[in-house]
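J.: First to last, the sequence lines map onto chains L and D. With positions in the first sequence counted from 1, the corresponding number in our numbering is that position plus 2. With positions in the second sequence counted from 1, the corresponding number in our numbering is that position plus 2.
These aren't lab readings, by the way, just hints derived from the structure by calculation. Hints are not guaranteed to be accurate.
[Unchecked claim] In silico BS3-like cross-links for lysine-lysine, where the CA-CA straight-line distance does not exceed 27 Å:
(1) D:LYS133 / L:LYS331
(2) L:LYS133 / D:LYS331
(3) L:LYS168 / D:LYS331
(4) L:LYS331 / D:LYS168
There are 2 protein chains.
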Amino acid sequence: MISAPARVGAHVSEIDTPALLIELDALERNIRRMQERIAGTRLRLRPHAKTHKSTAIANMQVAAGAVGVCCQKVSEAEIMVDGGIGDVLISNEVVGAAKLDRVSALARRARIAVCVDDADNVQQLAAAAEKFGAKLDALVELNVGADRCGVETAAEAVHLAAAIAKTKSLRFAGLQAYHGAAQHLRAHADRRREIESAAGKVSDAVEVLRRNGLECGLVSGAGTGTFEFEIASGVYNELQVGSYVFMDADYGRNQDRDGAPISEFENSLFLLATVMSTPAAERAIVDAGLKALSVDSGMPLVAGCDGVSYARAADEHGRLDVGGNHRFKLGEMIRLIPGHCDPTVNLHDWFVCIRKEHVESVWPVSARGAVF
Amino acid sequence: MISAPARVGAHVSEIDTPALLIELDALERNIRRMQERIAGTRLRLRPHAKTHKSTAIANMQVAAGAVGVCCQKVSEAEIMVDGGIGDVLISNEVVGAAKLDRVSALARRARIAVCVDDADNVQQLAAAAEKFGAKLDALVELNVGADRCGVETAAEAVHLAAAIAKTKSLRFAGLQAYHGAAQHLRAHADRRREIESAAGKVSDAVEVLRRNGLECGLVSGAGTGTFEFEIASGVYNELQVGSYVFMDADYGRNQDRDGAPISEFENSLFLLATVMSTPAAERAIVDAGLKALSVDSGMPLVAGCDGVSYARAADEHGRLDVGGNHRFKLGEMIRLIPGHCDPTVNLHDWFVCIRKEHVESVWPVSARGAVF
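Chain L with its partners taken away, still in its complex shape:
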């Protein structure tokens, strides 16, 4: 692991770049706002830790009222449990002997739930948990439009839920119903229509399961782009939102019901970069490229610099197109708003957390590289 790019107490201008920057005031407001959104409802908040991969932030979310976190990988869940999180839903299928052993061992020391969409996998999971003397919660994943994992029909859900209920080591805990493909539909009406359709499918499955004596304790799903619709559905009772803690350029392109950019949550995550070459008036080169920023959802935005765009990412360089009268000086620092926060965070070993332009904390990205 690379040494940290800043020391606590330093001024922001002393941070070595490129570095992930968290504005703590904004982060704290985002965490508080999401918790307020479910106050007075029967919903539970289980933020997705795949966004931040930080036990520090996970513990802040739990302290604010979250019931635990979601992870996407067993190795991520191990790190969250090591960091003090006692209740983790792996919102994903767990396949392969090594992972089945690890998740079962982990369930000896925390409450762990996993998702399933395959009958053989249910048996393998049960056998591994039994071997470790562990109990695991299992949710059946229902495909509600993302066309990724998950069963298609209520009948298949009943088949799997019944298989789970028959085992000694697994407990049927409900449904996983996350609609990833709906999160970045730009129009409010499009996102609402997709989630209404998903909620209808979920509601039918819950009812068919109930008629078969299989109660869904949990109906878990939702992301930052759609959570208001899952709340409104009356079907979901747990939210798995992740990106709201940081936001990013891609989520910033989503529109609210009036067609304006959504504004409920603030950008709290930035990439601090330095201008390392000013070879021409219309071009400046910064020290952050593909290894410091994920460009899968588009280029980052340049915060607070009108007329300047981040035009191209090479492995270690970013090219700024400089319009108007803006002129950069060599060594000048800029803040970039990442195109996509989750894979960008996963590139870095450290968060440099600032308040009033000074470093207050330096946190490891605890589960960086936790791909297994």
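Using the hints provided, position chain D relative to the given structure of chain L.
T.: For chain D alone, kept in the frame of chain L given last:
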């Protein structure tokens, strides 16, 4: 840092996934072949370590005849020196007080060269080196078509070279002239034309510098896509090729003079992934997405599976489109050829190195995350 996904001696089927896999026989052949390409010429090989970020591989390259390595970042160079590499060219500008101190300190214990394209930067670099009692080689970077860093004209190169030569702590070592934008032009004739043009510009600059009493000891550049033309130019005397050790899907789309895919180097790097969901006949989901593969240069290829394509990467999932009669089983492993090797390697903490389907070594990706 995440624990390793395999133990030495294990069969490939026991590796936890997703994991970076190196076929050692292919890696060794690639290293040998590139060295053979310059045998009998006056060229030196200085492979780029930004591709592999591994001190193990850097040492193999030096053992095969390389004079040292290139790095793109000071923190990368520190790790290479710590790992036994005594001669490092940072093929990039070094800007900012923290980095200037670090590179100067590093030059106390290894031969270090850096690039410059700015007169103020020359003075800052000289002052830092003097403070540490260090000597640094400095190359003037010339823009030969990538439109990134680098000066445009021979006159500017003379101005900077003279400024370098006047300092006590820097030595003018020559020209950096890498044409990144030419590496992935598909047609052989297009790549040749670009490098012929670059070499003409370099040749003019070398001559103008010489007339001003400034001798270019080094003319360094070239990448895996174009090195044959830099060799042929008679102007370059050092090659900075990186990707040839691994190759990737993007380089595999380059054509040779007959229009066939280039075939001089082999794919030695793969991402081992597991099928974690088989929800429909025409779709399979693997456990490797954006956090295990960089998709900036296109999707990975599925090795040895005709009719199967990796169609879409989500954060932690990859969707395979399954055509023809191919059917995947849950838990089945596949090998993906990354779209772009450099940023893909940078996502991982470990290389699992295999020979005859068994793990022979597990190497850390020593400089992973070395973005500073």
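J.: Check each numbered hint against the structure and report the violated ones by number, ascending.
T.: The structure conflicts with no hint, since it agrees with every one listed earlier.
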